[in-house]
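Q: Starting from the structure of chain D, add chains E and X where the hints point.
Residue numbers (our numbering), protein chains in the order written: chain D, 1 to 291; chain E, 1001 to 1296; chain X, 2001 to 2365.
Take these hints with a grain of salt, some might be off.
Said to hold, decoys possible - Only part of the chain X face toward chain D is listed, based on derived beta-carbon distances under 7 Å:
(1) G2076
(2) L2077
(3) P2078
(4) T2098
Unchecked claim - The calculated lysine-lysine pairs, modelled on DSS-like cross-linking and capped at a C-alpha distance of 25 Å, are:
(5) D/K278 / E/K1185
(6) X/K2124 / X/K2111
(7) D/K194 / E/K1185
(8) X/K2111 / D/K9
The hints are simulated quantities; they were obtained by calculation from the structure and are not laboratory data. Just so it is clear, the structure is predicted and the values come from calculations on it, not from any experiment. Quick reminder that beta carbons are idealized off the backbone N, C-alpha and C, glycines included.
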Amino acid sequence: MTNQKDFEKIERAAARRKTVINAVIYILLGFWALMVLFPFYWMVLTSVKSYASYNSEYIPKFFTLSPTMQNYVDAFTAVPLGQYFLNTLVFTVATTAIMLIVIIPAAFAFARLQFRGKNVLFTLFLSLMMIPNELVVITNFVTITNLDLRNSFTGLILPSITSVFYIYLLKENFAQIPDELYYAAKVDGTSDFKYMLKVMIPICRPTIITVTILKVIECWNSYVWPRLITDNEAYYLVSNGIQEIRENGFGRENIPAMMAAVVVISVPLIVLFLIFRKKIMEGVARGGTKG
Amino acid sequence: MDNRNSKAWLYLLPAILFLGVFMVYPLVDVFIYSFEEGYNSASQTFFGYGIYNYSYVLHDPYFLQAVKNTLILVAITVPLSTGIALLISVGLSSIKKLRELFQTVYFLPYVTNTLAVGLVFMILFKKTAYSDGLVNLLLNLFGGSSVDFIDGPYWAKMFVLCFYTIWVVMPFKILILTSALASVKQDYYNAAKVDGTSRLRIFTRITLPMISPSLFYLVITGFIGAFKAYSDAVALFGVNLNAAGMNTIVGYVYDMLYGDSGGFPSYASAAAIILFAIVLTITCINLLISKKHVHY
Amino acid sequence: MKVVLQNLTKKFPNRNKKEAGEVIAVNDFTFEIPDGKLIGLLGPSGCGKSTTLNLISGLQKPTSGKIFFGEDDVTGLPPEHRGIGLVFQNYALYPHLTVRQNIIFPLQNLKGKNKLTKEQMDEKALEIAKLVQIDGLMDRKPSELSGGQQQRVAIARALVKMPRVLLLDEPLSNLDARLRLQTREEIRRIQRETGITTVFVTHDQEEAMSISDMIVVMKDGIIQQIGAPQEVYDNPVNLFVAKFLGTPPISVFEGCVRAGKLYIGDDCIMDVAGIDDQDVYIGIRPEGFILDGDGPLCCDLKGVEVMGRDITIVSTHDGCMSDEIRSIISSDYKVSVNTDQVRFSLKPHKVHIFSKTTEMRLSGN
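Bound-form chain D, shown alone (with noise of 0.2 Å):
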């Protein structure tokens, strides 16, 4: 059957226009894998090379045969490494912290409460969202300096509090909880405070875990503010650090040491991520922007 022959050659085109798009699109997917991963693989593999053997390499080698520590003990104790990494924790987890104590009551309070102005506030609220945070550091950088707050935790922890995004998102979250949870907990002579602690929080915990995780990375990464609020070492958050590092060094050129500290400042937020990916990639869907 003639008709039969031409079948058999359509499918075989087909199968091999498959094969041909499918080969092509793991290549795409491999390099760019590749592109993301390699920075990663070199910043260990450089970290691990002894400082001698990094500097005699003219044409840098792929891998090591003698991994070295010491740029790791070097980096914790040429460099105040350990300083920068407790100062960041302090910052992060007090500032998130608080911003959670100061929007969960705020999204309450526009989810729920019934109070004159409150749509001309949220309103204010929301117009908030689009001012860069450019326009706001220059008088913030001279208050906190006005304060003499600069180098202490306090100039750097107040400013960063608040986000309009979270409590905007929260508020949606918690707006979604039907009235009659609401109605139900009054009828039993629940106060308010104790049903947004009883009540709404723990049915909102996967937005206010998403929330939480969101801040984390901001203020983990965060270097515009704390640079301009401190020139002392003792107060120097990660990413200064590591500026400080760059700039001032290890007393000389030592880039298997400065590798070290980078794997060790980048290691607790990619942790961190494999651990909460799924959470992570959503809340950075829903909310996140960067880029």
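A: Below, chains E and X alone, put in the same frame as chain D:
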């Protein structure tokens, strides 16, 4: 009723306090600063009001350089990163094997410290006395000659900056586009397939219109983000961006405020407001265009 | 175009990766769909009917077996070369295109000598739109249409390139009850007018019975019975088919055959010749009951529903496997609600006997 009112305000009080002190007041203040002429940060005095600060900033060669750098960065990275992200997302959504792995890998740059990983890029691209750096070796391999991407010619530096910026913004774009693509129902594709629609036509006539809202969202946020570029440049070229000729508008604002050339909050304010005006204009244009082209 | 399925089998890897083995969605199907007929694939959800449709359309490839369109073996052929029209359960109309653009969409894919001019396309689209009676809505977007109108647009889009076979996946399930009745007649009419071999999938037996020339009853990937609707209804091959077809459903009793007589409990309800003594299931259609004061089957009366044309008597019986027995009798009878019990005699051809072990139908002579 009054009782309930005051209770609600009590819940809002901390947020209002923080926002008032650190956002609303500064917002008003920045405009005032920008018009205060001859402000002296030591004595906190000024001569009078006027537009001198704006005029100074607009005539400052460093500012003009920063504007030029920023515009080039925006013009290159926004279309390129969105395009590549689209390509990768389409690829991702058409495979099953290894998909999760790829997605995880692609997201990594999002959770890394921009400053820290910037250092890795620096050593990959930098040409030193000891070594030409890995990228230059690759260039040599393909017959090119070594270029110092970090301290060398302008376009080499611009290339690295764009490259790193794209690397950093990619995760967010891929994430948004893959979830947009995933929300397009398989039925549409099946329907088109049964009708013998070619892959290209499926892409342009079905996929693109369906994900156009996300695409425009990315373009808009992409513009805003690229205009605010700063820490990527610091990571690659160090804090003295003016000297490297690679400053950005945001970098200019901060340099005016603080650092070796700092202490001029009035100039910084004027520059920040100019930046805000540019971003606002571009965003409005974007929104107008998107109204015309985005479906539903 | 007749469609032939030959030993068609489709296996899926088990979704739960911990469990080994495969799920067999379609198990060894062999049947022929005659040219120009309307066929209903019928079964509960998960029985493999949608998979069968996808195999015919080419969206999925069979694990083994063959599919023929006419004399052509199309088993491995990609969907776009099969010449099929497919209507999806949720219509899959492109939301950003107007009705006209949606209908024209398949025509714009034609290449080479089949390529049409814009005028030809518009003409064809209008022609088909008239057939399904949506020619007044051509410039609307799908979101501005009702469910029934969307359904018609979907059918128009599937028909516009004159497919050899039209496939409909649960075409009525997204419509409300009134629209469903109307639309199924509409599908019947369109199928008759175009004469295109049509296969549709449904879980609603009434829908399948009312418009199909032939129904295929499936369960767990296995064909139970194929035949004209009435034929299948009257002669179900097993308990499943008997239970699946008919509203109100058939009433099933536990009983036994002893020496050519059929018993429910201790009551002998009927003579049956040619069936060996054994325990059986007895299925009685609602219309198989006759109100008869001397009848052999005695039930506890629960209530009476008067529906105008006929009366539904709701009763219970210890031997019955469901909570209640629904029997339909003509409203000419007057039923006294004051009694506790009601007695029936039975129409023999409405009583089906099934083996208790195999659940296959036992027929006497």
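Q: The structure should be examined with respect to each hint, and the outcome stated for every one.
A: Structure-based check of all given hints:
1. For X/G2076, the suggested interface contact is upheld, since its CB lies about 4 Å from the closest CB of chain D, less than 7 Å.
2. Among the interface hints, the one on X/L2077 holds; its C-beta lies about 6 Å from the nearest C-beta in chain D, closer than the 7 Å criterion.
3. At about 5 Å, the closest approach between the beta carbon of X/P2078 and any beta carbon in chain D falls short of 7 Å, and the interface hint on this residue holds.
4. Hint status for X/T2098: violated, given a least beta-carbon distance of 31 Å to chain D, over 7 Å.
5. With a C-alpha separation of about 22 Å, the suggested pairing of D/K278 with E/K1185 holds against the 25 Å cut-off.
6. With a CA separation close to 16 Å, the supplied pair X/K2124 and X/K2111 stays within the 25 Å bound.
7. A hinted pair counts as satisfied when its Cα atoms are at most 25 Å apart, and D/K194 with E/K1185 does not qualify at roughly 43 Å.
8. A threshold of 25 Å between alpha carbons decides the hint, and for X/K2111 with D/K9 the separation of about 18 Å falls inside it, so the pair holds.
Consistency with the previously given hints fails for numbers 4, 7, ordered from lowest to highest.
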